[in-house]
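Q: Residues per chain are reported as follows:
Number of protein chains: 2
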Amino acid sequence: MTYRAPVRDLAFSLEAVAGVDRVAATGAFPDYDRDVMGAVLEAAGQVAETLLAPLNRIGDQKGATYANGAVTAAPGFADAYREFAAGGWTGLAASPAHGGQGLPKALELAAFEPVHSANMAFGLCPMLSLAAIEALEAHGTDRQKETYLTKLVSGEWTGAMCLTEPQAGSDLGALTSQAVPNGDGSYSLTGQKIYITWGDHDATDNIVHMVLARLPDAPPGPKGISLFLAPKVLVNSDGSLGARNAFRPVGVEHKLGIHASPTCVMAYEGATAELVGRPNEGLAHMFTMMNAARVAVGVEGVAIAERAFQQALAYALDRRQGRSPWTGEPGAPIFDHPDVRRMLSVMKARIEAGRGICLSTGVAADLAKHAGDADDRRFWKGREDLLTPIAKAWSTDMGVEVASMGVQVHGGMGFIEETGAAQHYRDARIAPIYEGTNGIQAMDLVGRKLSQDGGDSAKAIIADMTATLADLHHLYQGKPVERFANAIEAVRDATLWLLDRKQDPARADDVLAAADAYLKLMGDVIGGWMLAKGALAAADRLKAGDGDPAWLQGKIDLYEVYAANVLGHASSRLAAVGQGGGLLMRMTAQALGAAA
Amino acid sequence: MTYRAPVRDLAFSLEAVAGVDRVAATGAFPDYDRDVMGAVLEAAGQVAETLLAPLNRIGDQKGATYANGAVTAAPGFADAYREFAAGGWTGLAASPAHGGQGLPKALELAAFEPVHSANMAFGLCPMLSLAAIEALEAHGTDRQKETYLTKLVSGEWTGAMCLTEPQAGSDLGALTSQAVPNGDGSYSLTGQKIYITWGDHDATDNIVHMVLARLPDAPPGPKGISLFLAPKVLVNSDGSLGARNAFRPVGVEHKLGIHASPTCVMAYEGATAELVGRPNEGLAHMFTMMNAARVAVGVEGVAIAERAFQQALAYALDRRQGRSPWTGEPGAPIFDHPDVRRMLSVMKARIEAGRGICLSTGVAADLAKHAGDADDRRFWKGREDLLTPIAKAWSTDMGVEVASMGVQVHGGMGFIEETGAAQHYRDARIAPIYEGTNGIQAMDLVGRKLSQDGGDSAKAIIADMTATLADLHHLYQGKPVERFANAIEAVRDATLWLLDRKQDPARADDVLAAADAYLKLMGDVIGGWMLAKGALAAADRLKAGDGDPAWLQGKIDLYEVYAANVLGHASSRLAAVGQGGGLLMRMTAQALGAAA
Numbered sequence: 001m002t003y004r005a006p007v008r009d010l011a012f013s014l015e016a017v018a019g020v021d022r023v024a025a026t027g028a029f030p031d032y033d034r035d036v037m038g039a040v041l042e043a044a045g046q047v048a049e050t051l052l053a054p055l056n057r058i059g060d061q062k063g064a065t066y067a068n069g070a071v072t073a074a075p076g077f078a079d080a081y082r083e084f085a086a087g088g089w090t091g092l093a094a095s096p097a098h099g100g101q102g103l104p105k106a107l108e109l110a111a112f113e114p115v116h117s118a119n120m121a122f123g124l125c126p127m128l129s130l131a132a133i134e135a136l137e138a139h140g141t142d143r144q145k146e147t148y149l150t151k152l153v154s155g156e157w158t159g160a161m162c163l164t165e166p167q168a169g170s171d172l173g174a175l176t177s178q179a180v181p182n183g184d185g186s187y188s189l190t191g192q193k194i195y196i197t198w199g200d201h202d203a204t205d206n207i208v209h210m211v212l213a214r215l216p217d218a219p220p221g222p223k224g225i226s227l228f229l230a231p232k233v234l235v236n237s238d239g240s241l242g243a244r245n246a247f248r249p250v251g252v253e254h255k256l257g258i259h260a261s262p263t264c265v266m267a268y269e270g271a272t273a274e275l276v277g278r279p280n281e282g283l284a285h286m287f288t289m290m291n292a293a294r295v296a297v298g299v300e301g302v303a304i305a306e307r308a309f310q311q312a313l314a315y316a317l318d319r320r321q322g323r324s325p326w327t328g329e330p331g332a333p334i335f336d337h338p339d340v341r342r343m344l345s346v347m348k349a350r351i352e353a354g355r356g357i358c359l360s361t362g363v364a365a366d367l368a369k370h371a372g373d374a375d376d377r378r379f380w381k382g383r384e385d386l387l388t389p390i391a392k393a394w395s396t397d398m399g400v401e402v403a404s405m406g407v408q409v410h411g412g413m414g415f416i417e418e419t420g421a422a423q424h425y426r427d428a429r430i431a432p433i434y435e436g437t438n439g440i441q442a443m444d445l446v447g448r449k450l451s452q453d454g455g456d457s458a459k460a461i462i463a464d465m466t467a468t469l470a471d472l473h474h475l476y477q478g479k480p481v482e483r484f485a486n487a488i489e490a491v492r493d494a495t496l497w498l499l500d501r502k503q504d505p506a507r508a509d510d511v512l513a514a515a516d517a518y519l520k521l522m523g524d525v526i527g528g529w530m531l532a533k534g535a536l537a538a539a540d541r542l543k544a545g546d547g548d549p550a551w552l553q554g555k556i557d558l559y560e561v562y563a564a565n566v567l568g569h570a571s572s573r574l575a576a577v578g579q580g581g582g583l584l585m586r587m588t589a590q591a592l593g594a595a596a
Numbered sequence: 001m002t003y004r005a006p007v008r009d010l011a012f013s014l015e016a017v018a019g020v021d022r023v024a025a026t027g028a029f030p031d032y033d034r035d036v037m038g039a040v041l042e043a044a045g046q047v048a049e050t051l052l053a054p055l056n057r058i059g060d061q062k063g064a065t066y067a068n069g070a071v072t073a074a075p076g077f078a079d080a081y082r083e084f085a086a087g088g089w090t091g092l093a094a095s096p097a098h099g100g101q102g103l104p105k106a107l108e109l110a111a112f113e114p115v116h117s118a119n120m121a122f123g124l125c126p127m128l129s130l131a132a133i134e135a136l137e138a139h140g141t142d143r144q145k146e147t148y149l150t151k152l153v154s155g156e157w158t159g160a161m162c163l164t165e166p167q168a169g170s171d172l173g174a175l176t177s178q179a180v181p182n183g184d185g186s187y188s189l190t191g192q193k194i195y196i197t198w199g200d201h202d203a204t205d206n207i208v209h210m211v212l213a214r215l216p217d218a219p220p221g222p223k224g225i226s227l228f229l230a231p232k233v234l235v236n237s238d239g240s241l242g243a244r245n246a247f248r249p250v251g252v253e254h255k256l257g258i259h260a261s262p263t264c265v266m267a268y269e270g271a272t273a274e275l276v277g278r279p280n281e282g283l284a285h286m287f288t289m290m291n292a293a294r295v296a297v298g299v300e301g302v303a304i305a306e307r308a309f310q311q312a313l314a315y316a317l318d319r320r321q322g323r324s325p326w327t328g329e330p331g332a333p334i335f336d337h338p339d340v341r342r343m344l345s346v347m348k349a350r351i352e353a354g355r356g357i358c359l360s361t362g363v364a365a366d367l368a369k370h371a372g373d374a375d376d377r378r379f380w381k382g383r384e385d386l387l388t389p390i391a392k393a394w395s396t397d398m399g400v401e402v403a404s405m406g407v408q409v410h411g412g413m414g415f416i417e418e419t420g421a422a423q424h425y426r427d428a429r430i431a432p433i434y435e436g437t438n439g440i441q442a443m444d445l446v447g448r449k450l451s452q453d454g455g456d457s458a459k460a461i462i463a464d465m466t467a468t469l470a471d472l473h474h475l476y477q478g479k480p481v482e483r484f485a486n487a488i489e490a491v492r493d494a495t496l497w498l499l500d501r502k503q504d505p506a507r508a509d510d511v512l513a514a515a516d517a518y519l520k521l522m523g524d525v526i527g528g529w530m531l532a533k534g535a536l537a538a539a540d541r542l543k544a545g546d547g548d549p550a551w552l553q554g555k556i557d558l559y560e561v562y563a564a565n566v567l568g569h570a571s572s573r574l575a576a577v578g579q580g581g582g583l584l585m586r587m588t589a590q591a592l593g594a595a596a
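Just so you know, the protein sequences line up as chains W and X, in that order.
The numbering of the first sequence is full-length UniProt numbering, which starts it at 1 and goes up by one.
The numbering of the second sequence is full-length UniProt numbering, which starts it at 1 and goes up by one.
If you are wondering where the hints come from, they were derived from the structure by calculation, not from laboratory data.
If you're wondering where the values come from, they're calculated on a predicted model, not measured in any experiment.
Glycine residues also receive a C-beta, built at the ideal position from the N, C-alpha and C atoms.
Any given hint might turn out to be false.
Here are the simulated lysine to any residue pairs, SDA-like style, with alpha carbons at most 20 Å apart [as the list claims (entries may be wrong)]:
no., chain 1, residue 1, chain 2, residue 2
1, W, Lys62, X, Gln61
2, X, Lys502, W, Arg323
3, W, Lys543, X, Arg586
Chain W residues, not near chain X, derived (Cβ > 10 Å throughout) [said to hold, decoys possible]:
no., residue
4, Arg22
5, Glu42
6, Gln46
7, Ala174
8, Asp205
9, Leu215
10, Asp217
11, Val233
12, Ala368
13, Asp376
14, Gly414
15, Asp453
16, Ala460
17, Ala463
18, Leu512
19, Asp516
Isolated chain W (complex conformation) (with noise of 0.2 Å):
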């Protein structure tokens, strides 16, 4: 079926919700206004719909494919990447002294979302490379600019993350890699990493590998960890390309989806590598790229949901099956039958409300850079820093939520590979898992985000909470008012309650036994105050005749569908987050039946 980027959603999600104007406001974007803004997403929506979802399919069917210690990627994503990378794409929101379009990194997630809709295989070629574009411009040195970055900004070359060992997945500190000073100030690195997505392929002449290992004199754990890059092949001081460098790949998973994503085991046999930044602070410098990355993967959740909303809206409306209480026709088309309905509006309802919360992220990850005076950047980085594990676990949840829901309308259908919907099913069971699994994320809630200022930004999103609630009344009455008000109360009784555990180190259980539970009640319920805000909007577009009075008027009733199906989970997330880490400590292997 075929995919079409919801542009009119997108931007309404940018200026309504996420408050992307304040970003314009800031006078740190010269290039970009509200018309830069729609005509970005129209064209990455074309690209999208034109390039990438023609080759989702065939790139699930085959993949890439590994052969003789090299990677081919799947049927037509070389030469669409390189048409993609031509396009300027893959320099959206970098700097223009690198080459790139210098425009918000707000607009970019907004304008990757259909990237990843159209072909979430091929999208996350890419996304690696912005966050190796990330890191560089933070932490590389001028020389590491401009041999790499621009390259990586015009898309010639793409980056590769490579973090994890076999024995170091979500513990980083227990990596292993070595890299020994060359003397002439390039080291020599060795070892073994796992799970390097688009780690290796035909599509360009270089990739950019950004590779975690300790140097010979590093302390143990995490404060013995430094970022190195070491290029595919090697750069010479002209800029031309010189020799294979020393490392490989030496296979590719076979994975559950994603397909066309190859996902590479690679040896380092000590190959030539440059240090980026400072020595032992490779685990922080690498955290500046994860966590735009972390972004950028909640954007996958909601851009597989949506193309999986899509999918299945399009199936309701088009395959009849029994009779309507609401048209009394025989052979209705399902979508006219309520419980199809219910499934399709809340799959909606839910992909609004993670599109808001990453773009949310996105705006205030621009302000945190850009805003005009430092107590304002430091406000927006709180926000930034606690809405990044919620816009990340909760939309990736969501993602495999909603396309499982898009399987289940599609019925017998839905199960047959041919369909389509089982794809999007596979496809969306990775983004929970990467770039730091959800319960990494809530624990980095909990555990850093949560307290790093005293709760002061939990308590400023409750208040700014408050506010919209406050307005909400002129919208509504009763239930999905209160359905707001109980829930915003929640997340205060939630908060209030950790940040007391957390006083005391005995309690460290009680807060990890929470975490998860906090996560998803906070992007429960902020999520239904980005609908909130997109219904107060779009009340006075209508009001103001501004704009498709069907689709406006859909907003508003949107808000009510997520307030009936998902604000009530407020109050029993709640009464998770209160289970305590002692009654799990209770549940052993023993307990829990396990084989004697």
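Given the coordinates of chain W, work out where chain X should sit on it, guided by the hints.
A: Just chain X, lined up with the frame of chain W:
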């Protein structure tokens, strides 16, 4: 990883939760006692572990194959089926008059859980035979029983249910297959059927197709459907096999999961068939077997969840990452991280809830047939009817969600096919779809089951839960009790609201809009009841020194895990019950933002 049948948990659930003793007390099962139960479960576990589990992965990889009008089972499956049948597993609950073992349905359901856990694709083959057995026991003539039923009970032949046509899925009334009388009592059957599970294979000499079709003079719609039997190979009057019948598979589907279960497109081209039961009552006859099949599919949901749980638990005990807040140990098993322990504990709690619901449905089915007096039989029939859609839908949704959590516990390894966790996630996804989608189950619950006796069955289950609540005060204090009390209250409110709405045919859409949420509410709360009954029984056994104390204490704690993580959803489900059809009706394609 090695599958171990949870024999101890199954016996506990049958006895302490589902109350299988009542079935024994009817006297209808003279060959059944506690020892027999234990022996049957042990033996089923053995077969599952040693015969079926080893074939699960190759079945996924190679699948059943189609060529030249015939299906070949996946490697090893045909031999395994014949060994399975020789073991007597296809006739556990069938009447001894036809060669069966005359054991309770509830025990058969319990014994089949390990079969489905070990190899869900395999388990479908005998499961479909069981459905055909039920239909022939209820509606077959003596000759049909002699000719076909005995062969199905012995497992010498298998059965297939042939309902769906391309235009007739959830709406079977739309089917068009024709059966024309031949004048000699037989019929000539013509039409195409899709989604025919194990519709063809090479494991047995014959396959008995139970086919819905229309007689030439049949009224249109669901009241013009009759049930026919068509064997793959015609049977001579002496019982020997004759000529090949005029039907054949024309292909098998390429599916997301259960690759070793051939899903056939079948073409009937003037096939010789016989009528089963009365003309034009085929749908009702088929529903006798579909209701039994629905509980069996619920057990599949439990089974795949148990398999995913075991695999995730084994991984979590083995994989080491980071420091545990409980042990302080660096490089601790990830099982010692609270968020991982939470996932596994919630998985286990939900599995036990689903197991309790399914086996209670089985007990109700046994008592509906065999209870001593007519009032009792009516009572238990009402309970069976009420629980059936819940057992099917709640357990299979749970199966998908628990399989997804199983992937998540594995982190990156979960997305790699070789690990096996992904296969469970793929296999599990069919169960909410077939034997009536879960949306159809929800509509059956609110449309028929809830009100067919004026709500008596629902009110009776509320009363029973309230009685357990009273006992719960002796075991827990505070929240675990409050949560169950609130949850029962939500069930009561929702039930009364629905019964009231159902008085007014103009509000049919409100009832349908509530269906999914009501089913989930019932499932969540009845599931909690199951765990509460288990906890009370475990406390008694603990006091009596009867059984492994760690495991029994685990049952008591597991209820608390469920109360904190699942029972809280009740209030949220109640909100969704009341959302109203009008809201959903307003969510038109335009409102949902469909491209113009």
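Q: In terms of Cβ atoms, is chain X entirely out of 10 Å range of Asp516(W)?
A: Per Cβ check, Asp516(W) is inside 10 Å of chain X; nearest 6 Å; violated.
Q: Taking the closest pair, is the beta carbon of Gln46(W) still more than 10 Å from chain X?
A: Holds, because the least Cβ-Cβ distance between Gln46(W) and chain X comes to about 14 Å, which exceeds 10 Å.
Q: Next pair to validate is Lys502(X) with Arg323(W); report whether the Cα-Cα distance is within 20 Å.
A: holds (18 Å)
Q: Does Gln61(X) lie within 20 Å of Lys62(W) when you go C-alpha to C-alpha?
A: holds (16 Å)
Q: Quick one: work out the minimum CB distance from Glu42(W) to chain X and report holds if it exceeds 10 Å, violated otherwise.
A: holds (13 Å)
Q: Find the nearest Cβ of chain X to the Cβ of Ala463(W) and say whether that gap is larger than 10 Å.
A: holds (25 Å)
Q: Evaluate the condition: distance from the CB of Arg22(W) to the nearest CB of chain X exceeds 10 Å.
A: holds (25 Å)
Q: In terms of Cβ atoms, is chain X entirely out of 10 Å range of Ala368(W)?
A: Nearest chain X Cβ is 28 Å from Ala368(W), so the label holds.
Q: Please confirm whether Leu215(W) is truly not at the interface, meaning its C-beta sits more than 10 Å away from all C-beta atoms of chain X.
A: holds (22 Å)
Q: Checking the smallest CB distance to chain X, is Val233(W) really beyond 10 Å?
A: holds (28 Å)
Q: Compute the least Cβ-Cβ separation between Gly414(W) and chain X, then decide whether it is above 10 Å.
A: Not fine: 7 Å to the nearest Cβ puts Gly414(W) too close to chain X.
Q: Just want to verify: Ala174(W) was marked as not at the interface with chain X; is every Cβ pair farther apart than 10 Å?
A: violated (7 Å)
Comparing the model with each numbered hint stated earlier shows that hints 7, 14, 18 and 19 do not hold.
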